[in-house]
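Trainee: The chain contents come next:
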Amino acid sequence: MTTWDGVQRGYIPGETLRIPDTLKLHTGASDVDPVTFEVIRYSLMNTNLEHGQTIQRLAVSPVTMITRDFQPSILTESGDLVFLGPYLQYFSNAQALTIKWILENRGEDPGIEPGDMFVSNDPYVGTPHQPDTIVAAPVFVGDRLFCWVANVLHHADVGGTVMGSFCVDATDIFSDPPAFPPFKLVSRGEVRQDLEQMFLRQSRVPTNVHMDMRAAISANRMAVGRIVALADRYGADAVKAVMNRVLDAGERTVAERLSKIPDGRWSHRLYAEAAHTGDTGVYTYQVTVRKEGEHLFVDNAGTDPQTGSINVTYAGFSGAFLAALTASLTAELAGAYGGVYRRVHFEPVPGTLSCADFPAAVSPSGIYTMETLISLSSAAIGKMLACAEPEVAALAIGPAHPVFYGFIAGGAHPTGEPFVATNADNMIGSLAASPAGDGVDFGGHFWIPEGTASNVEELELLWPMLLLYRRALAGGAAGAGRFRGGRGFVEAGIPWTVPGLAAALYVDESFPKAVGPFGGNPGGAGHFRLKHGADVVARLARGEVPQDFDAIAGAEAEVEAKGPMLMMGADAVWEWTGANAPGFGDPLARDPDQVAADVAAGALPAGAAERVYGVVPGAGATRTQRAERLAARLAGAVPPAAAPATVPADVPLRVLAGELAVVEREGHPEAFATVTGRAVLAPAGGNFKDGCAVLERPLRTVDPEFAAREGRAGSLMRYREYLCPVTGLRVDSDIVIGGAGA
Amino acid sequence: MYYVGVDIGGTFTDCVLVDQQGNHRTAKVLSTRDDPVAGVVAGLSRLAETAGVDLPTLLQRTERLGHGTTIGTNAVLERRGARVGLVATAGHGDALAMMRGAGRVAGRSIEGVFSVHGSRLPAPLIVPGAVVEVQERIDASGEVVVELDTGAAVERIDRMIAECRLDSIAIALLWSFANPAHEKALAAAITGVFVSPSSEVSPRLGEYERTVATVLNSYVGPASSRYLRELETRLATPLLVMQSNGGVLPASSATPLGTIDSGPAGGLIGVATLAGAYGHDHVAATDMGGTSFDVGLVVGGKPVLAEENVIDQYTYRLPRLDVRSVAAGGGSIAWVDEATGGLRVGPASAGSDPGPACYGRGGLEPTVTDADVVLGLVRAHTFLDGRMPLDRDAAVAAVGRLAGRLRLTVEETAAGILRINNLHAATVIRQQTLERGVDPRDFVLYAYGGAGPVHAFGYAAESGVREVVIPLGNGASTLSAYGIASGDVVLYHELERSLLAPFDGAALATAVAEVRDAALAELAATGVTGEPRVEIDALMRYREQLMHRLEIPVSPPADGAALLAAFDGEYQRRYGEGGTALFEAVEVFALRARVSVPAGIPIARPAPAAPAEPEQSDVYWPGRGWTRTDVYRGAPGGTVTGPALVELPHTTVAVPHGASLAAGPLGELRLEEF
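Taken in order, these protein sequences are the chains called A and B. All residue numbers for the first sequence refer to the working numbering, where the first residue is 1 and numbers rise by one. All residue numbers for the second sequence refer to the working numbering, where the first residue is 1 and numbers rise by one.
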């Protein structure tokens, strides 16, 4: 029978860990007064922050030192998280899982001793994908294992078929970079040269990885020393008592929030296109959150079976959900999230894209599946929060980008030295709109708070390329809504001082994946474009820096989602984009003054005001224009089975989000209704969509921004709007897979 | 001949006069926000009174008139700066708006970084839409890729100036620090407005931070220059303006950007000056006021620099004194964290309005100062020399409410508040020192600011420091003005230049000479005379370690092998053997020259105070409980043995059990054995 053992299937620790008796754990705890408690808590938190700053200073990969794709942690003796830093949040439980696995499987042989550090990049044990390598250091007080300090760093390249180790062409893990189950790299303080060399040997850029690995070791050592000093000064029992209380406090905080949410189930679905290079299929991920009492139960039922390279293991699935949950529900705990996790119970369906069994490939998940799952989780959590009491409902933050738009190029410097250029400029990011208002332009990503994009000059210093432009994406249909999503960026470049480069990893989506909550438009699709035989160099020589990709002469390549490595000669030019984040609520409900303000600020092209928002100049003209559009929507829609009843004007509505409300009788929800039209949609226990008029059409016809080339996945996708049958305003919307010829 | 320093703060303008014997006089007047010139004149007039002369006589006798201004800082924080337009390289005009995607969190507290809710980008610094992208391009090696058509560019810039009614232009082109030709050409051709080229303001790698620096310079430049000109005219005396790097420059040469956040620099420079005289090489300068605790270091006699600053979430690079701030002051509010049951202090502060509960101005929440009053470390009737009696009952009631919830006594709670506040302060000290590989135990801690000397024994012990000095024997709030009066003329010149180890001696020597000569030329242009001192640091790292730097001193003739050895030694000292990773080449990525002309301010040798009879008061000493304690009003003669309090006009020095406090030969108070 396959078990969750971290070998055949993603590791899930049991209720109690099977730790050998020879390993003595420190489990004591003493009473700590409120003052000493704070002194120790603050010191631990600062130790973890310094741990992060040390990594940042000593590392050499931009993806670590600038992007902040790393995470330091402090964990209890049994691997429960006490403090997480403000870096990549989906590493929320990667270290916990890996440490628990080490406790169960390495305690006897080779043993866990003071001064040791274990390294692992095995996704079936605990990491989201192989480049994310964990270094875990046990902290001993006397002969007892007191706690753990650990970090995860994304290394620039750890092998596999594709430069940069996002192996989109992998169909199983044997084409992925090697996955090393935990091994003891540092033994009683000494780095094992043989094992270090073994690890570095897999990399295309071993020097880089060597520097970063030593940064990780060094930073761990610093943190271990601080904690030992703390235990010396205040007593190990006191320090442990503080750790336990921090965990308990996190649990109490989330329980209190959950008590303000009604019991129920909320699901969301997202898609990926292309499971591997050469594929054009569309695949489904689903997350369902069930809230019962003060506990959450999370499953991935409805997710497609594992295939190609678009999988993650349990570590990825749970890490993504926890990152989305803590960012919205308990952000004020500032990384002290371990207690929150106690109230989240995963019920994963194995053998799926989001909880794959060995030997599924997972290495591209760092830019694809992990972000898809964070976006999916945040959307499901957002739906749940819409039903909560107002103070908790206000914590909804809108869905994350469903993909981390990135670009990895490789080649050789003019000196002949090879390089892998991981461009994480999408750290510029953009935040989705939320019930609270517009998203934040260039607002980064909530799941990597300290993430920073490189300067153009840093990229050009490190790698032989010249960036023609890096500018804001225009606003428009992508991300439109009653509240609009934040705007992202677009950048273009050419090889410089070298005969060419190879594009190893790029993202070109044929359709946007994430819809906006409660009728908001989807965010943008990420695009990668490439022209060969371009006239850029000639135009530079003539005194012009080309700024319009369409106006650059040359043959445009037909780029595919997860396509193969693309060779780019000296006459090639590329352009790639991040994305505008999803909107919230119906764009036709946006305040026309805000539309005008966006146009005035250069955030929205003038033409989009009318096309997307129905805002036209002239007194009353916008109202007329919008009324016509809403009527046209209803005329084209399938009405609900029964003519809608309306809620009498004297019955109060409780707004959930956007146009969706509930009618309450004596404090209990009775039915779903729409806010403006006051149409009754469904009884409170039913599906509000049953009472909506449904308008469905090909997604690519919704707006020119959503155009998709014939034959690509996007040409088959359909956009389904759930409309108030009275007003035609959107209550919600979905992207669904259409049949042939859709 | 006098040295005079004038420091405009948010509430008070402080003036200090130092005469030829080093004796100093001070004057304090309310700042006049709407007419800062009038405030300075009022302060100087008051100062003249204390010296028994009229203002013209005072000015006539003044050899150096130093001035610290908050015009620039306030203009940014209140968005009252110039109407600025930006000139950028084609394709890169949005770099400022995009803020590298980090603008939402830059400079925020750790809790603010985690919390996405309500987080926003800061308000723009330029007039929205006022960006001209010019057709030009330089590459990473400094080669021109696309020539600039200056005439065509200026035509568009002029149009923008007219359409957007601009009074200031910031030019920030890609790679201009490697090749400033295009920026220079544009700067020369734009007329009628204030112009800042990035290659002069902040010639460092990284277009975002360089653009911010340049835009800030243009944003505060017009008002700041106008103000300094007006003040100079009014006083008919040349001014030396305090810069955030801790040096002063003639008003005509001071960069507006350098005045931003120059406030905390004055205090640290005052400390550095005094430390030289007191014979201290390694000093942690700590200023605890009402809302914040500021720490700067002097290491090996030199104030420590930072590379970056963040103001209102905008990050820029400029060598500046590394004064770090944490929200731990007398006004910091104590509260109970419901989730953990722990006692927390700050970051919220009661400030001065309503202020601590004991101020009796309506504040109900317990603060650090209330805890001081509860414990008797600060006596209600002698606070600020009796000028502002405090309400002890209000303090006891406020702390008492907290004590009830914590199930502690009022005294235990008050002592706990101090312990946590001290921990916050000590953590910054420890981070600052350990990060640089120096041990806090080798430092002497200087304590000043209203809440400094009373808490110094606590946060010094917590950080491992063994000796505390109350500079000038008064811990006065005018130390910053003193630093402004005593500051050397200082100028930094930076040159980005990549040299890989093993270093080519000739190339290294050329670069060192180039940065030295440029700095000396810049100094000559300011008109400052006197023998300049030149110090050059190589900024070094392992290649590609973009977020890291070590400053390694290098002196002509530069020795490449010695430089490399010094780098290795420093790297190991800071990060241990495990961190030393000779897998990548060592790189000098920039050189920084510091030229200075010493101010040479005289240091007084005051007559020792006459021994005084102490009063007695009950003080609850943390860990000891209520103890009958000697209280001296004013600096005592001889050595005071703890427990004791020494009440000075602006602050109180707490001398715990077993500690001793004595005046040094230059009038400073030295606290030891705590």
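Mixed in with the good hints there might be a few duds.
[What the hints assert, rightly or not] Far from chain B, some chain A residues (derived; all Cβ distances over 12 Å):
(1) ASP80
(2) ARG204
(3) ASP237
(4) HIS276
(5) THR288
(6) ALA331
(7) ASP441
(8) GLU458
(9) VAL616
(10) GLY620
(11) ASP690
[Unchecked claim] Examples of chain A residues toward chain B, derived with CB under 8 Å:
(12) LEU23
(13) GLU460
(14) LEU461
(15) LEU468
(16) ARG471
(17) MET565
(18) MET567
Just so you know, these hints were derived from the structure itself, not from any lab. Please read all numbers here as calculations on a predicted model, not as lab measurements. From the three backbone atoms N, C-alpha and C, an ideal C-beta is built for every residue, glycine too.
Trainee: Could you run down the list of hints and mark each one as holding or not?
Mentor: Going through the hints against the structure:
No Cβ of chain B comes within 12 Å of the Cβ of A/ASP80; the nearest lies about 16 Å off, and the non-interface call holds. With a cut of 12 Å on Cβ distances, A/ARG204 stays outside the contact zone with chain B, its closest approach being about 15 Å. At roughly 17 Å from the closest C-beta of chain B, the C-beta of A/ASP237 stays outside 12 Å, upholding its exclusion from the interface. Every beta carbon of chain B lies more than 12 Å from that of A/HIS276, the smallest distance being close to 30 Å; the non-interface claim holds.
The beta carbon of A/THR288 sits about 24 Å from the closest Cβ of chain B, which is more than 12 Å, so the claim that it is off the interface holds. Non-interface status of A/ALA331 relative to chain B is broken: a Cβ of that chain comes within 12 Å, the nearest being about 4 Å off. With a least beta-carbon separation of about 7 Å from chain B, A/ASP441 fails to lie farther than 12 Å from that chain, contradicting its non-interface assignment. Separation of A/GLU458 from chain B is inadequate, the least Cβ-Cβ distance of about 6 Å not exceeding the 12 Å criterion.
With a least CB separation of 23 Å from chain B, A/VAL616 remains clear of the 12 Å interface cut-off, as annotated. Here A/GLY620 stays apart from chain B, with its beta-carbon at least about 29 Å from theirs, past the 12 Å limit. The beta carbon of A/ASP690 sits about 33 Å from the closest Cβ of chain B, which is more than 12 Å, so the claim that it is off the interface holds. Contact between A/LEU23 and chain B, as hinted, is not supported at the beta carbon level, the nearest pair being about 25 Å apart and thus beyond 8 Å.
A cut of 8 Å between beta carbons decides the hint on A/GLU460: the least distance to chain B is about 5 Å, and the hint holds. Because the smallest distance between the Cβ of A/LEU461 and any Cβ of chain B comes to about 5 Å, under 8 Å, the interface hint for this residue holds. A cut of 8 Å between beta carbons decides the hint on A/LEU468: the least distance to chain B is about 5 Å, and the hint holds. For A/ARG471, the shortest C-beta to C-beta distance to chain B is roughly 4 Å, which falls under 8 Å, so the interface hint holds.
Because the smallest distance between the Cβ of A/MET565 and any Cβ of chain B comes to about 24 Å, over 8 Å, the interface hint for this residue is violated. Taking 8 Å as the C-beta cut-off, the interface hint given for A/MET567 is violated, the closest approach to chain B being about 23 Å.
The structure fails hints 6, 7, 8, 12, 17, 18 (numbered hints given earlier, in ascending order).
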